[in-house]
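Can you build the whole structure from these sequences, using the hints too?
Each protein sequence line maps, in turn, to chains A and B.
Note that the working numbering numbers the first sequence so that position 28 is 28, with each residue one more than the last.
Note that the working numbering numbers the second sequence so that position 427 is 427, with each residue one more than the last.
Please note: incorrect hints may appear among the correct ones.
Dumping the calculated DSSO-like pairs for lysine-lysine here, alpha-carbon to alpha-carbon at most 27 Å [to be verified]: (1) B:Lys477 / A:Lys105; (2) B:Lys485 / B:Lys11; (3) A:Lys105 / A:Lys128; (4) B:Lys477 / A:Lys5; (5) B:Lys343 / B:Lys477; (6) B:Lys342 / A:Lys105; (7) B:Lys485 / A:Lys208; (8) B:Lys11 / A:Lys14; (9) B:Lys275 / B:Lys343; (10) A:Lys135 / B:Lys485; (11) B:Lys252 / A:Lys135.
FYI, nobody ran anything at the bench for these hints, they're computed from the structure.
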Amino acid sequence: MIVAKNLTKQYGGKQVLNIENLEIPKGQSFGLVGNNGAGKTTFFSLLLDLIEPSAGEIINNNVQVNTSEDWKPFTSSFIDETFLIGYLTPEEYFNFIGELRGQNKADVNALLSRFEDFFHGEILGQNKYLRDLSKGNQKKVGIVASFIGNPEVVILDEPFANLDPTTQIRLKGIIKDLANTQGVTVLVSSHDLIHVTEVCERIVVLNKGEIVRDIETSTETLQELESFFAG
Amino acid sequence: MFKYFINLQWKSFFRSANLSKGLALKIVMIFFAIYMLVSFTFLGIGLFFMLEKFFPDADPMVILSQYLVYWIIIELLARYFMQKLPVMDVKPMLLLPVKKSTITHYILGKSGFSFFNLLSMVIFIPFGMVLIAHDYPVANVLIWLLSILGIVMSINYINFIINKSDKIFFGLLLTLLGIYGLEYFNIFSVTEYLGQMFYSLYANPVLTVVPIVLAVITYFLNYKFLRSRIFLDASLKKEVKTVEASDLSWTKRFGSIAPFLQLDLKLIWRNKRTKTQVFMSLAMIFYGLIFYKMDDFGPTSPMMVFVGIFITGIFLTNFGQFIPAWDSAYYSMMMSQNIPLKKYLESKSGLISVSVVVMFLLSVPYVYFGWQALAINFSCALYNLGVNVPLILFFGSFNKKRIDLDKSAFGNMQGAGAAQFLIMLPIIVLPLLLYVGFKYLVSFEVALMVIGGVGIITFAFRNMLLNYVTKAYRKKKYGMISGFKETNS
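This is the structure in structure tokens:
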């Protein structure tokens, strides 16, 4: 589904990402871990064509992302709060995204009804603008919005951070379900090793912009990761 | 500690990503500032002689004292519009071992060196020098200057207490008119009494304590107010507004651009800055009244074309020049969502085009001033629709400055760069040149037809032009995304 070839990104001569070859097959739940500055967000930003690669290319379902816009209809993402429109209510935001993705109000409402416990009664029908919601609630809105319109690729940067424990557990279930039963390719980055090992079939460790581990998740994975990061 | 604060602000200025662009504007502003300072200095020097000439029998000092009250009120009014309240990004400081009183003193102290204070002093100090040169007692003059400094500082801090309150603004305006009215109709001479008061500041140097004490009092009132505000929850807690929802389903008829159109309408209606912009644009319709009534121009003067382009294109320039910066807060989402760039631009151009039509319709009553007015406005509207809409969108691709939507539009330069000034040229000058050329070479009617015709022809090629504009946006996309993320510029 997603192929990155000889991908590098440099800022002022300093290399922040260098991926020779990375292939993510369709329907895989893919986890990206690494310390700060490892290049996780850089990779996701390149994947969404928010920054320009210094060299190399990313191909998303046979579309090269920095030359064509055709990857947009089947790719959705939530990177940070800059993906939200502050002066809309959550409902309006969901409907806006829905319209962008060819869904009518009924479709959107059907999808939202599946997330009622995820929202914990704090999102819908509050008559509040997104800018007035708490950080955690804003995040929930962004994450759920990325599920609208049956995307084939979902990209979530640090989805577990800032969420309360109940929501974290729910989110893990949702991500697993997306990849396993609906064939969606899910890309998740996290600092939390436990969460990623639980959710992802495959985990790639980035360090200073390079892939240093590429692990198929098993029972030993968590230990392996912990020993890697410990030292 | 103050040293660090100054250092921080210095860095926030010089490390901003749009420095080079912002710098051009700032250099222009600096030249303007120097020009103001120099001309005010000359005003200060000349003031004495002017007063002497206009009031030959009186002591210029007495006359000046009488007019001081006008100066104070006008200065307060001017500052209401122009002086920014002192701001500093306090939040990161609160967690550090910095005394809150230090932060407060720094913010207030910094405002003491405001350009406005300087501006007043460059009038009064040269004036004082001229006084001394004319054998006024040196000690009295110097101490009088000290009183003036006290008054200037009081004005400075009173302005912050007024804190942009509209009520006080209108109160001041009424007071000013009231004093002037009383004077004009010889009912009661306020200035005479106040003049004596201000004159005694000069005649009786001990009284200089009064303005200085006043300055200190206003400073501490500000201090108390600000100090009590420097808390995390005070700066974090925002006013939560309930939603003003409105039914926008009528936009559906615009087809695929409907969701964007809805978004833009909400953008405009729910944010302070855009909302003011709309009201200001609508108010500009009256701009025509000033010009149409001037007989010097005549109904077919190029000035009227300027008015036509300006009136029908006011929203186009005001709103259009900041596309796509209006969406800066969530621009990375717009760029990764399922939105083809062209659709995005099409919807913006649709919105602006509607505004041109609306402004033209509003300007129809000007036909009262002659059919020429209507004809000019009509061809100007066509020109705006055809040429200026794609043009302003194209210029938008140079925008890299973030706009925070919930700040007011008055005196808000945020998002403005040198490009914003440059675009005014082609938008207004180009049609003017066309008009002047054809009018003097051929005739008024032909010139109008040329302007309108150019508009219609370019309108026909609109799709092609938009493709070109889209390309420009795609090329600048990465720069925009990173520029819009920057909050401190």
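Hint check:
1. B:Lys477 / A:Lys105: violated (31 Å)
2. B:Lys485 / B:Lys11: Roughly 18 Å between the alpha carbons, so the hint for Lys485 of chain B and Lys11 of chain B holds.
3. A:Lys105 / A:Lys128: holds (19 Å)
4. B:Lys477 / A:Lys5: Satisfied, since the Cα-Cα distance of roughly 23 Å is no more than 27 Å.
5. B:Lys343 / B:Lys477: Roughly 15 Å separates the two Cα atoms, so the pair holds.
6. B:Lys342 / A:Lys105: Roughly 24 Å between the alpha carbons, so the hint for Lys342 of chain B and Lys105 of chain A holds.
7. B:Lys485 / A:Lys208: It holds: about 24 Å lies between the C-alpha atoms, which stays within 27 Å.
8. B:Lys11 / A:Lys14: holds (23 Å)
9. B:Lys275 / B:Lys343: holds (24 Å)
10. A:Lys135 / B:Lys485: holds (18 Å)
11. B:Lys252 / A:Lys135: violated (33 Å)
Violation of the numbered hints given earlier is confined to hints 1, 11; the remaining hints are satisfied by the structure.
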